[in-house]
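Protein chains: 2
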Amino acid sequence: MIMDIDRSIKDLAVKVKAAAQVLAGAPTSEKNKALLAMAAYLRKQSGFLQEQNRLDLDQALTAGLSPAMIDRLTLSDKVIEGMATGLEEVAAFPDPVGEIVRMWRRPNQLQIGKMRIPLGVVGMIYESRPNVTADAAGLCLKSGNGVILRGGSEAFHSNMAVLKVLHEALKTTAIPASVVQVVPFTERQAINSLLACEDQIDLIIPRGGEGLIRFVVEHSRIPVIKHYKGVCHVYVDSGADEEMARNIVINAKTHRPGVCNAAETVLIHQDIATSFLPQLVAALNAAGVEIRGCAKTCALADAVIPATDADWGAEFLDLILAIKVVDDFDAAVSHIVKYGSDHTETIVTCDYQRAQEFLRRINSSVVMVNASTRFSDGGQMGLGAEIGISTTKLHAYGPMGLEGLTTTKYIVYGDGQIRE
Amino acid sequence: MIMDIDRSIKDLAVKVKAAAQVLAGAPTSEKNKALLAMAAYLRKQSGFLQEQNRLDLDQALTAGLSPAMIDRLTLSDKVIEGMATGLEEVAAFPDPVGEIVRMWRRPNQLQIGKMRIPLGVVGMIYESRPNVTADAAGLCLKSGNGVILRGGSEAFHSNMAVLKVLHEALKTTAIPASVVQVVPFTERQAINSLLACEDQIDLIIPRGGEGLIRFVVEHSRIPVIKHYKGVCHVYVDSGADEEMARNIVINAKTHRPGVCNAAETVLIHQDIATSFLPQLVAALNAAGVEIRGCAKTCALADAVIPATDADWGAEFLDLILAIKVVDDFDAAVSHIVKYGSDHTETIVTCDYQRAQEFLRRINSSVVMVNASTRFSDGGQMGLGAEIGISTTKLHAYGPMGLEGLTTTKYIVYGDGQIRE
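Order-wise, the sequence lines are chains A and B.
Going by the numbering used here, the first sequence opens with residue 1, and the numbers climb by one from there.
Going by the numbering used here, the second sequence opens with residue 1, and the numbers climb by one from there.
Because the hints were derived from the structure by calculation, they are not lab data.
When chains are identical, the list treats them as one kind, so a pair holds in a single copy or across two.
DSSO-like mimics (lysine-lysine), calculated; alpha carbons at most 27 Å apart, straight line:
1. Lys409 x Lys338
2. Lys44 x Lys164
3. Lys15 x Lys229
4. Lys17 x Lys33
5. Lys226 x Lys10
6. Lys114 x Lys338
7. Lys226 x Lys17
8. Lys114 x Lys409
Here chain A stands alone, though its shape is the one from the complex (with noise of 0.2 Å):
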């Protein structure tokens, strides 16, 4: 049975690999006739979509599944229709492949450039959500990517719905269907059988839980892109402005604290701490947080339990918070290199001086001034959409676009140049 998973994996990674050969020399109207027939198919195929979705619905209810997983999990009208103007949205962003980067002359004459080019084959590994299908094959597609789809099992009919659908609408283009694949087993033997085809694929973007990703970090030959966690600060410095301090905490916390740009700690320097702690603390309340505060906060504040070590550096990813006073700017970079995640974090801050040594000495994928974390997200900063976030520094450092999805290769024009 082992051997039949990893056998036919191979074959549909080398018809991937084909395809994506195919797809990467593709003009970028092709490429976009193609999205656009997809989205169309999508809302044609609405019904069927969600007759199978239904099947997974069903096996969700009788194992019990939570409400949320659930809420995940179903394909509802309006799931479908962003799915499809998702789609719309990637055929409009401009294709990155082919771009020349930057040219240069040498002093023999050679004049060389990096060109743009896709990357080959993307293995995606994600759990739930089975939009994720059509989103993940539409970046891929438009940044010239064979892509294989691992969801989790409890979206399996769903998933597959999602790719025959897809599949009806390429083969009424130019672009081969088979640059699309989703793994048609359940069996989690499937991801080692993935991650062992590393003359196929390129590329391996993990989605998540922090075991999922670890056990495909560890079971990987091929590149991994990856994050295992969200761990944002906010440092309010010495002099802020109490009042856009406080909005940017409560955005960064309350706004969506499921995601890993939520905030998790705010540091806050001791000169600012007896006047904003107090009415910070009381709006947080207010809102539903629950406070988890050092000694100092919880002399100044009401309703704040005490924090153990372990809150410092936690994900909560809930309506909790970590509050430390700290003496000074220089504790709080030490805070955020000792605690942080290398996600997001933001100061706010009036002083010029500070706000750019925050920006230079906190090498986070994404550092900001006087914004809330929310903002580090690929739709926010302008990439267009995002495919994952890193948080290692190989290839992408953040937010993951379709740039993200492509390398550069060295064009040399030459007229006979020869080495002396």
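Based on the hints, put chain B in the right spot on chain A.
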């Protein structure tokens, strides 16, 4: 013993990481002073370096190493002077750290940019050539990275001596000496220990034979930048300038046959073969090159050995060249896609359309028109110097210089924006 090596290398890695955090924020002027001090000390301590190098050379002679190996191992006056001037050249390069690659404004007035930062700590694993120790140390220091070097056991005393001199030099500067370290063990186990330091080391660069590189890829959870081999192709198009084509082939094959950017296969359009092949083969023979040709090549020229299947895609690293006559441009492209190693390919042509098509359709890391493959080199391409070359598409693809030793973080300037 294995535990001791593991522990001791982990300690070393922790030390390098701490020092690298200081180096990451060091001003360019301090880094340049350190590089110049390193160069001065190498010159001043050449006696000590050669005395320690003698220990390695004596062992090498006893072990019966080949004259070529002994030559690579020798720290002659010329090699030491080369190491010193290499460091001075790196000091003169622009500092990649802190460069703002691009900046844009969002509709909500957020100003977003990408700033170049060091990767962190680089682990470099290589064979022979103790001068690589100084070269790699210089490039990593300039790009703000700590580095742990693991050279060949046959160069152990030489590498430790170079390290001692570099440390003496760094102690006279503001840069912590610990940013450069050499693994003080000759056991193979030390490589495994190094590859396990995933929390300290950001990137592994192996340089050496394919066996070493495959071992590293198999055992590393840290991202690896590598190239297994260079099977570079020269395609001579119909209507090419025959003199230019001959010069490029001779240069690409014979200028330095033992390196990865030397040509290994020449493809010749059948329309030019009758006139071009006999004179090319004569010129190659005169230069001492053994030719392994396809049936048509054998029919058109004397002194050609019939090629076997194994000759296509072979990396000879010697004065041996495979030659094939192809039906047309498409056949040349297909041959390269099938047998190439994603290193470097060049077309010799007078046809504008074919030149552009070759640059577009071949996705090797360096693709050239009318130039020798020998230019596929960081120094020759104007990257300053190269720490390695990558034929995998993630992060760097092709020659990798100072810029390849950095990544970019996003910086965001706001004035109180929160997410709606």
